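*Asks:* Model the placement of chain B on the given structure of chain A, informed by the hints.
Number of protein chains: 2
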Amino acid sequence: MTEFIPPGTRFLALPHAFPMKRGGTLHGARIAYETWGAPNAAGDNGVLILTGLSPDAHAAANPGNPEPGWWETMLGPGKAIDSDRWFVVCVNTLGSCKGSTGPASVNPDTGALYRLGFPELSIEDSADAAAHVLQALGIERLACVIGNSMGGMSALAFLIRHPGIARSHINISGAAHALPFSIAIRSLQREAIRLDPLWNHGNYDDTHYPESGMRMARKLGVITYRSALEWDGRFGRVRLDSDRRDDEDPFGLEFEVESYLEGHARRFVRRFDPNCYLYLSRSMDWFDLAEYCSAPCGSRSGDVLSALAKIRVGKALAIGVATDILFPLQQQEQIADGLRAGGAEATFLPLPSPQGHDAFLVDIERFGPAVANFLATLQG
Amino acid sequence: MTEFIPPGTRFLALPHAFPMKRGGTLHGARIAYETWGAPNAAGDNGVLILTGLSPDAHAAANPGNPEPGWWETMLGPGKAIDSDRWFVVCVNTLGSCKGSTGPASVNPDTGALYRLGFPELSIEDSADAAAHVLQALGIERLACVIGNSMGGMSALAFLIRHPGIARSHINISGAAHALPFSIAIRSLQREAIRLDPLWNHGNYDDTHYPESGMRMARKLGVITYRSALEWDGRFGRVRLDSDRRDDEDPFGLEFEVESYLEGHARRFVRRFDPNCYLYLSRSMDWFDLAEYCSAPCGSRSGDVLSALAKIRVGKALAIGVATDILFPLQQQEQIADGLRAGGAEATFLPLPSPQGHDAFLVDIERFGPAVANFLATLQG
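Those sequence lines, one after another, are chains A and B. For the first sequence, the residue numbers in the working numbering are 1 to 380. For the second sequence, the residue numbers in the working numbering are 1001 to 1380.
Simulated from the structure, these hints should not be mistaken for laboratory data. Among the hints, a few may not be true.
Said to hold, decoys possible - Okay, the calculated beta carbon distance ranges per label pair:
(1) A:Asp-246 - B:Glu-1345: 46 to 54 angstroms
(2) B:Gly-1298 - A:Pro-350: 31 to 39 angstroms
(3) B:Gly-1078 - A:Leu-116: 29 to 37 angstroms
(4) B:Glu-1345 - A:Asn-373: 46 to 54 angstroms
Every value quoted in this text rests on a predicted model; they were computed, and no experiment measured them. Glycine included, each C-beta is placed from N, C-alpha and C at the ideal position.
Extracted from the complex, chain A is given alone in its bound form (with noise of 0.2 angstroms):
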């Protein structure tokens, strides 16, 4: 079992007993990180990126890893988030596999994998753990955390565990609670990879390995990802061609949208540890703001909002994406409309990209002006 780390990553050690949120401690835990540019004198121009599921810390090329990384377009010298200009810092969430500690990592206690015996994660830790690399980079307060999807939760955890953290934020894509569409789609998604017989209640290996459970998780989230109206005008009906058909298979690929989703797949299935999966997908579905509101509080819009009305930053932005059916739009508008009441000069900005959830990642002539608009305003 291989954890996946780009050359170039750096690593933070955590403190040596690093407590999680639901119980249990990390011992001898690290996070990946890398950044790009430098603090200026002041020290007031870190900008953090908190990253979706799957992403590693390799943002963007570097001079540690001159490789395009995953937002490679939007992120570097001149570019909306222009390094020139900004100090950036991207961190590989607390739980993944792509170099901070998580399931498929060495126990030190036992000396073998953590898989389920990884203490249950939160949301909540990964913004810890994540303020613990800013705390060793010297960074006391950020200009602006920026959190697209799974870490624009992680955006939200952060701020509110850590008043006076960040001056402003971006969120994109992301929201305060998962609802009930989301986390259906996320149970189906884990129920595959647990039914595959070779997870194994988490003991597989390189050689038996639940590669249909997680294509077919991968294949779900990509159908979530994106839009129903991209694939109308990208694939309609077209059928692939004869030679890229298998006739032998009665029920094989015979239209585009299922080899390109079959691509997809086959793409991700040896990138992400199946154990990471589960728990990084668990702590989206548990994941609640509305926790922090003043009790009593449940989890109705009205504890979401008074809980986002705690967080104390002076400027906001809240992207979304009509076409997303995984953090619909009312989502980042409530997100807008929450640190609004808190005091926050807060917009929401819906874009009409037709690639739904994963537009951030692929519509930069929307999301790229939107993003290095507001850090314009920025003082540092």
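*Replies:* Below, chain B alone, put in the same frame as chain A:
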């Protein structure tokens, strides 16, 4: 392996050799059907109901079977589809496992179950089989053909292949062909079944049955049959009581929405044959009314409209629901537009039901009057 035939079901033997659209011939096949009401003297009060993927022919209680049917609230004396006035026929789709011949039936040529030896099934085959039932019942021309979901596809095939067979048409949450999002979802459902080792290339039995694959397929179906909006109001983030949770299973059911999916899946898995599911599901992906447009034609929107315009009905109603992600609203609008271009007095009726694709089964408050008002304008 079992077929699931409601008591009181009636059967029509298809012509001894029944040719299938994509090749192959069925021998000794039959279609299951039920009726409500009686033919009038003029023989012009026939109404045919074509169903979605899973229903049987028992749409409502009748003398042969007083148990409630799957459209009980819609069909019967004095109801929206009023059996005091109309002679109503509902057929079980060819290829199903609810009485009509399908992959779970015995192949008379071999004495063994068809399984994957069943010929490739098209929506058109189901439509042609339904036409035989009407002929046997002495119905030359229907007052109306009503098709729901997959039945909306079957109804369009029925109308274009059997000109003059109906004076009017109600298409409910149907489509002239499947779009790539729906194809992707169904492809994944089929893959879930095929990946279950107990599917065994179609060679399962009651003891060795692909239950996991069928559960996964059904859950994914239910996710796409309903809507995020409905679930927000219905489930929110409510957790199961602790006595309904399995503390030993670290990724087990926790949220109400997960339990809802689980319940749906459990009620379905042993009530529908997996091979039949695969055949019917694939027939929906294959169906493309654009094939009937004037040559040369592909599968573009204009081709669909030109095919629809070849259908001759006097009146038509296409009903859809804005929250339907599987058969989205623009597909019902397209049906109305195309039938209108062919000379029909055609109405597109978008309904604000929150229940998504399944709304026609549950939101009778909206669908009942819509169907009743349309039928009230017909002679017969």
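*Asks:* Against each hint, give a clear statement of whether it holds in the structure.
*Replies:* Each hint tested on the structure:
no., hint, verdict
1, A:Asp-246 - B:Glu-1345: 46 to 54 angstroms, "holds, 47 angstroms"
2, B:Gly-1298 - A:Pro-350: 31 to 39 angstroms, "holds, 34 angstroms"
3, B:Gly-1078 - A:Leu-116: 29 to 37 angstroms, "violated, 58 angstroms"
4, B:Glu-1345 - A:Asn-373: 46 to 54 angstroms, "holds, 52 angstroms"
Hint check: a violation occurs at hint 3 only; the rest are consistent with the structure.
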